[in-house]
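Here the sequence shown is numbered in full-length UniProt numbering, starting from 1 and rising by one per residue.
Hints listed in this document are in silico derivations from the structure and should not be mistaken for laboratory results.
Hints are not guaranteed to be accurate.
Below, a list of computed lysine to aspartate or glutamate pairs in the DMTMM-like style, where the Cα atoms sit at most 20 Å apart [as the list claims (entries may be wrong)]:
id	residue 1	residue 2
1	Lys151	Glu135
2	Lys78	Asp200
3	Lys85	Asp5
4	Lys186	Glu134
5	Lys78	Glu28
6	Lys186	Asp139
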Amino acid sequence: MVRYDLTENQGGVELFLDIGALDIDTCEPLENVFVELWSANATGIYSSYPVEITEIPEEQVPLVRNETYLRGGLSTDKNGIVELKTIYPGFYWPRAPHVHVMMHLNWEMSSNGVKRTVISHSGSVVHVGQIYFEESWNDKVYALSPYNINKNDRIRNDNDWILQDQLKIQPEGYSAFVELELVGEKIEDGLVGYMTLGVDTAASYLIENTNYLNSSTDAEFDDSTKPMQESIDTEAFLAVQVDGELL
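Please take these sequences and the hints and turn them into a complete structure.
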């Protein structure tokens, strides 16, 4: 879904992610790159998917509900920057907390009534990755409600095999961890996250998931909320790119 605010009234700490897209060949910002995010809610549940996932599935997991919370994105501006509002993700076994990110070039938009969506196989997917959080922030957030009623086993960054495999091969100066700041005086007021993603515009990744938005959902597109920040810290760390995606 094409939208700024992904939360749909999901409880949790508001997270404003300011993401920059940078061409790795020219070191120039990339305009009109569609940045798509999705993540679990405060208790570790993904919209539309089964409440409990007991293992990393080898095959695509079918949808069981018609939901869209914590999913969507927008395109970058002339400075290669986009801001999206979501919540700090909850945790679920067997993954450390993370937000998924996918970046599209030459994307096309379709209309589903009052909703605006990106045609999944239009253009090219030039980045598929996951954004992680330092454990010091995780500890503080997960002590708060509704995160503290999460019944899933919490996996820490050191024990997440996907993250650890990527950390072994990432170039010097790159980081999979978002840089966070408080919006107000306390975490409950929200967090702002900064990250710049290095993009290989010649890359093209296959979207294997065939699930799609059913236009009968009650979720509606709303662009009335203005971004909180106009710019991103250009010194923000680059994210690790993960070739492929999980839930």
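Checked hints:
1. Lys151 / Glu135: Holds - the C-alpha atoms of Glu135 and Lys151 are around 19 Å apart, at most 20 Å.
2. Lys78 / Asp200: This hinted pair holds, its Cα atoms lying about 18 Å apart.
3. Lys85 / Asp5: The given pair, whose Cα atoms are some 5 Å apart, holds under the 20 Å limit.
4. Lys186 / Glu134: Satisfied, since the Cα-Cα distance of roughly 17 Å is no more than 20 Å.
5. Lys78 / Glu28: holds (11 Å)
6. Lys186 / Asp139: Measuring from Cα to Cα gives roughly 14 Å; hence the hint holds.
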